[in-house]
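Chemist: This is what each chain is made of:
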Amino acid sequence: MTTQTQLPERTWDDADTQRDVAAVRAAAPLVHCLTNYVAAPLTANVLLAAGAVPAMVAAIEEVSAFAAVAGGVLLNVGTVTTETANTFIHAAAAADRAGTPWVLDPVAVGAGLRLRDRVAADLLEYHPTIIRGNGSEILGLSAAAGGGKGPDSTATSHDALDAAAELARSTGAVVAISGEVDFITDGKTTLAVPGGHPAMTKVTGVGCSLGALIAAYAAVVEEPLRAAASASALLATAGSRAAEVSTATGSFAVALLDQLSTLGA
Amino acid sequence: MTTQTQLPERTWDDADTQRDVAAVRAAAPLVHCLTNYVAAPLTANVLLAAGAVPAMVAAIEEVSAFAAVAGGVLLNVGTVTTETANTFIHAAAAADRAGTPWVLDPVAVGAGLRLRDRVAADLLEYHPTIIRGNGSEILGLSAAAGGGKGPDSTATSHDALDAAAELARSTGAVVAISGEVDFITDGKTTLAVPGGHPAMTKVTGVGCSLGALIAAYAAVVEEPLRAAASASALLATAGSRAAEVSTATGSFAVALLDQLSTLGA
Amino acid sequence: MTTQTQLPERTWDDADTQRDVAAVRAAAPLVHCLTNYVAAPLTANVLLAAGAVPAMVAAIEEVSAFAAVAGGVLLNVGTVTTETANTFIHAAAAADRAGTPWVLDPVAVGAGLRLRDRVAADLLEYHPTIIRGNGSEILGLSAAAGGGKGPDSTATSHDALDAAAELARSTGAVVAISGEVDFITDGKTTLAVPGGHPAMTKVTGVGCSLGALIAAYAAVVEEPLRAAASASALLATAGSRAAEVSTATGSFAVALLDQLSTLGA
Chain P
3 MTTQTQLPER
13 TWDDADTQRD
23 VAAVRAAAPL
33 VHCLTNYVAA
43 PLTANVLLAA
53 GAVPAMVAAI
63 EEVSAFAAVA
73 GGVLLNVGTV
83 TTETANTFIH
93 AAAAADRAGT
103 PWVLDPVAVG
113 AGLRLRDRVA
123 ADLLEYHPTI
133 IRGNGSEILG
143 LSAAAGGGKG
153 PDSTATSHDA
163 LDAAAELARS
173 TGAVVAISGE
183 VDFITDGKTT
193 LAVPGGHPAM
203 TKVTGVGCSL
213 GALIAAYAAV
223 VEEPLRAAAS
233 ASALLATAGS
243 RAAEVSTATG
253 SFAVALLDQL
263 STLGA
Chain V
3 MTTQTQLPER
13 TWDDADTQRD
23 VAAVRAAAPL
33 VHCLTNYVAA
43 PLTANVLLAA
53 GAVPAMVAAI
63 EEVSAFAAVA
73 GGVLLNVGTV
83 TTETANTFIH
93 AAAAADRAGT
103 PWVLDPVAVG
113 AGLRLRDRVA
123 ADLLEYHPTI
133 IRGNGSEILG
143 LSAAAGGGKG
153 PDSTATSHDA
163 LDAAAELARS
173 TGAVVAISGE
183 VDFITDGKTT
193 LAVPGGHPAM
203 TKVTGVGCSL
213 GALIAAYAAV
223 VEEPLRAAAS
233 ASALLATAGS
243 RAAEVSTATG
253 SFAVALLDQL
263 STLGA
Chain H
3 MTTQTQLPER
13 TWDDADTQRD
23 VAAVRAAAPL
33 VHCLTNYVAA
43 PLTANVLLAA
53 GAVPAMVAAI
63 EEVSAFAAVA
73 GGVLLNVGTV
83 TTETANTFIH
93 AAAAADRAGT
103 PWVLDPVAVG
113 AGLRLRDRVA
123 ADLLEYHPTI
133 IRGNGSEILG
143 LSAAAGGGKG
153 PDSTATSHDA
163 LDAAAELARS
173 TGAVVAISGE
183 VDFITDGKTT
193 LAVPGGHPAM
203 TKVTGVGCSL
213 GALIAAYAAV
223 VEEPLRAAAS
233 ASALLATAGS
243 RAAEVSTATG
253 SFAVALLDQL
263 STLGA
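Chain order of the listed sequences is P, V and H. Residue 54 in this note's numbering sits at position 52 of the first sequence, with consecutive numbering throughout. Residue 182 in this note's numbering sits at position 180 of the second sequence, with consecutive numbering throughout. Residue 80 in this note's numbering sits at position 78 of the third sequence, with consecutive numbering throughout.
Just so you know, these hints were derived from the structure itself, not from any lab. A portion of the hints provided could be inaccurate.
What the hints assert, rightly or not - Partner residues are not named here, just some residues of chain V that face chain H (Cβ under 8 Å, in silico):
no.	residue
1	L50
2	A51
3	M58
4	A60
5	A67
6	V256
7	A257
8	L258
9	L259
10	S263
As the list claims (entries may be wrong) - Derived CB-CB ranges, DEER-like:
no.	chain 1	residue 1	chain 2	residue 2	range
11	P	T13	V	A28	52 to 60 Å
12	P	E225	V	D16	48 to 56 Å
13	P	R171	H	T249	50 to 58 Å
14	H	P200	V	A29	12 to 20 Å
15	V	P200	P	K190	41 to 49 Å
16	P	G101	H	A145	57 to 65 Å
17	V	A29	H	A267	37 to 45 Å
18	V	A267	P	R99	50 to 58 Å
19	H	V247	P	E246	13 to 21 Å
20	H	Q8	V	R27	32 to 40 Å
Just so it is clear, the structure is predicted and the values come from calculations on it, not from any experiment. Idealized CB from N, CA, C, for every residue including glycine.
Please take these sequences and the hints and turn them into a complete structure.
Modeler: Right, here's the structure in full:
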């Protein structure tokens, strides 16, 4: 099968990528993140490095007002509970009403954990702009297949391509699949973002941070497909360059933020 | 306007700063932090680097006992919810009763988020020893002005000087305003702490960590104005030195902790 | 007293240690952590560096299913509340029923904080495979003595040896005491793991991460005493080697992850 090589690629060298990276730095969008407490610190640092402004307002009394004024919103169900699920719904509804672009990250959906499966399905009703997950999560969310052991991916991003395209068509969202190659599809056009580095899977929260980064780009770049592609190309480039200047996972994480804060700055 | 240049300055070179830094290292005060989950890891590491002992006991059944035995308490409303707000009130009341110095960090107060505005106002009734925020937050808390987009400051520290002095007089708290220059006032005396580096705003939780550091210093240094000034001078110095030995935000964060752990050690 | 020097030692140089380190990397066990939000990011990164797969599913509706499929479970009461205590009980019961090895980390138990004292005692009924804490916490949990100021240890690991052996005999758990020398006992055999470095106490979450690492090893290594010893020897070795290549706490934390990710890889 040669689908992968036939798809148009998006890399750092494309003018669109560099234009969007500069645009996000210039606009400094406010990104409201409801995310898991494991990935939260790295997520905030990734947003700051890319020139965005993170905020992690958590109260159900506050998220509606905030999702309406933020440039973009990330909802990541990694450590969702019954209480926070309700807050997520409020934030998604407010973003949908206000026309704020928002990203759904269905962490570990499809792995046999019922609450998040239901919450993620409920959130689809509020029209996420972009859905970002690994192959297993996209397969889980699309119900095209089950599987995955927790947030770790067993399906490759390529395995989930067909399910992603169908999910994009049925929900109206752009779907971004993370993996050795990232794929981004709106159900008609599919882009491949090569690059990155396996070390990115050895630092907690890198995938979750990509969801937040995509929300930042969607706040500034009008077309969601392009926003997701530019954010993915930035992170992949930062990852591969960080791997060149580090030898193990502790220093890789530091180098990743260094690269993110200097690329296109 | 020349107010800024007329104010007495507090820097690393002052004997008071270095004496207080040594005193905190010698006393190793226990600092109880109720803070947001984004800043919590860095906050704990900043306290450890400065020689204090962080603890982040979170249960409403435990905070009263703990606030009474801790050397200092930090209450940071960054990710406050209705449930944790109640815990904050218990901790503040216990600290107030026990005479434990405590710091209020009114993250994003004045930005149109109602729960935290109310919680912060309620907490003022328990006599915070020191209030620390950026210009927008101090303006928000003092109701001298609204504004700010989330936890990011749009008002400068200098813009909030008059409001801070008034807030100090009306509450009895020392008010520390973070910015390009930090200002610390008890309503009569105002100190300026120059230094620091813009990179400090590109690492999540540095401002929140200063609140915790001030609580550690207030546990050991009797005069709150001096405690806040010494803590601010330590962090500003660590920040400017870290910027000299790093080139981007990932390595800056590492260097900041390195500097904090070696200054005066 | 010469007990310490008479005990058999476990170090990096033992064949068992290196065999177990390789076995964990080969098996990539899924480790379910219910831990405090301060230590969570480092804990996940430590697990990834050692070749395990962390997951921090938090909902009471999900933990039972997850504890049953995970290779190992960590329950750390650092920031436990009444709500999360209930979730902990569900996870412990599910792990016990499914035969999943699980680790109890009784953070700050015995320090006068009643909720966690009760929760930790309740959790003992679900047969933890291994209990890991510092001297004060083991003394607190065993009720052999009170004491400790928060999560910081005032009792040495050696002070808690007798209490640990008794606790092991009464609960059937292996007890791992962290300190300048780590001790691991099943009530009959006691191993000493020397090494490590004081800098490990200056980075938040290193002790908590050891609890998770032990859960990863217990998922793969059949004998709990050996699993705890190998995990402790790995972390101690990483710590002492990291101290050789770093000079302060920020860079030490980075070097610790670098060492963990390369030792035996």
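Chemist: If a hint holds in the structure, say so; if it doesn't, say that too.
Modeler: Hint by hint, here is what the structure shows:
| no. | hint | in the structure |
| --- | --- | --- |
| 1 | L50 | 5 Å, holds |
| 2 | A51 | 5 Å, holds |
| 3 | M58 | 5 Å, holds |
| 4 | A60 | 4 Å, holds |
| 5 | A67 | 6 Å, holds |
| 6 | V256 | 4 Å, holds |
| 7 | A257 | 6 Å, holds |
| 8 | L258 | 7 Å, holds |
| 9 | L259 | 3 Å, holds |
| 10 | S263 | 4 Å, holds |
| 11 | T13(P) with A28(V): 52 to 60 Å | 55 Å, holds |
| 12 | E225(P) with D16(V): 48 to 56 Å | 55 Å, holds |
| 13 | R171(P) with T249(H): 50 to 58 Å | 56 Å, holds |
| 14 | P200(H) with A29(V): 12 to 20 Å | 18 Å, holds |
| 15 | P200(V) with K190(P): 41 to 49 Å | 43 Å, holds |
| 16 | G101(P) with A145(H): 57 to 65 Å | 59 Å, holds |
| 17 | A29(V) with A267(H): 37 to 45 Å | 42 Å, holds |
| 18 | A267(V) with R99(P): 50 to 58 Å | 53 Å, holds |
| 19 | V247(H) with E246(P): 13 to 21 Å | 20 Å, holds |
| 20 | Q8(H) with R27(V): 32 to 40 Å | 36 Å, holds |
Consistency note: the structure conflicts with none of the earlier hints.
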